[in-house]
Amino acid sequence: MSRRVGQNGNVFQHCKTWNPKAPAYGRYWIDTPNGRRRRTVTLGPCRTRTIARQKLRTHIEAEGINKPQIFTTNTAPGLTFREQAEKWLASQAARRRKPVKPSTLSGWRSPLDRWILPHIGSVPLAEVSNSVLRGLVDKMAAGGLAEKTIVNYSQIVKSVVASLVNSEGEPIHPRRWNDDFIGLPVVNEAAQHRPTTTRTEIENLLSNLKPRYGVLIAVLAGTGLRIGEAVGLKVEDLSSDCTLIHVRRGLWRGKEQSPKTLNAIREIDVPEPLAKLLQFYVAGKSGYLFATKSGRPLSPRNVLRVLSDAKYAAGFHAFRRFRTETLRAACMPEDLIRMWLGHAHRSITDLYASGLRHNIERRQEWAKKVGLGFDLGYLGYKKVMEIGAEKVA
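Its first residue numbered 642, the sequence shown is counted upward by one per residue in the numbering used here.
Below 27 Å or equal to it, Euclidean Cα-Cα: the simulated DSSO-like pairs (lysine-lysine) are: (1) K696 / K657; (2) K728 / K901; (3) K952 / K934; (4) K739 / K896; (5) K896 / K875; (6) K926 / K851; (7) K896 / K742; (8) K728 / K789; (9) K799 / K789; (10) K917 / K1009; (11) K742 / K901; (12) K875 / K934; (13) K1009 / K875; (14) K875 / K917; (15) K875 / K851.
With beta-carbon atoms standing in for the labels, derived distance ranges: (16) S940 / R677: 57 to 67 Å; (17) T902 / S848: 29 to 39 Å; (18) R894 / A735: 14 to 24 Å; (19) E913 / D878: 10 to 20 Å.
Simulated from the structure, these hints should not be mistaken for lab results.
All values reported here derive from a predicted model rather than from experimental measurement.
Backbone N, C-alpha and C define an ideal beta-carbon position, used for all residues, glycine too.
Please model the complete structure; the sequences and the hints are all you need to start from.
Structure, rendered in structure tokens:
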């Protein structure tokens, strides 16, 4: 392609001499995955051969026939969207820069299998354009998917199309996605469903659940840990007085993996009532903090079943939102909130002041001031005795 100077094509008529009233035609070469092919186009009546040539050159320029990008696109392998989607998924876990975690891959696999591939899996990748994505969005909307879900699933389609690149790492099928034409919904952040929980609901759970599950719920609601981080905790992740939790790993489908992000590797200061309870709970324990009799970590799915039996349906993340609301209500500094929750810095100012995160006295003062936001006494006297403690006030 680098040695080509471009083509102008040639024009002709089905006449022995040029006839201004007869239709003119143009011929030029196009590149395909199977080699070069001749293409003929109708130019209509042209008064002279020169005018016909000008019209053909205009057509060739408009089609981009001489552009390197068009050559790359036209000679690319004739992959279907399904084939490229499988290659894209396989490459995400193996890439050198920020490899994707299995839990994220599973989150992409589900919408691909359920919505995307059944509708556009057989479409050639080169033909997946705004109109194709528009049809998929219409089907997802008709299927009752939420606005945010439709936007997320559409982004998967865009990522798969962009993932086919040439030897220079440039996309073979570049797209200018028109979200207005596609009909992507505008997500109203304020209207999104974000279930949370209340002090009363937490205390009811603590009074009805077995100690192992009760302590887990107390840790989730009292620290803001993600469920994968909580069930992945080991006894050695707690300080000797249990006033500090070191988040070093997460669990997904029973397998250890690194936390969600670099910011998720953190320290969490534990309020005194919960720290006192954890001291009794960890006494004599080793391995995973929340484990089965065989020593395996608790399965979040089984915990959800226990919560469902207790008539609780808001999900694990509701406890994380409850903790966030508790911290905000106490007017706690945002840098500490983000540190305890494992969220990223939002500005350069946050980076400049990141040293404040290492001020343990400041952190412990705020942990004492904020507290838990609920009463641990609802675990009940007998239940706490089973853990090996006296009733926690």
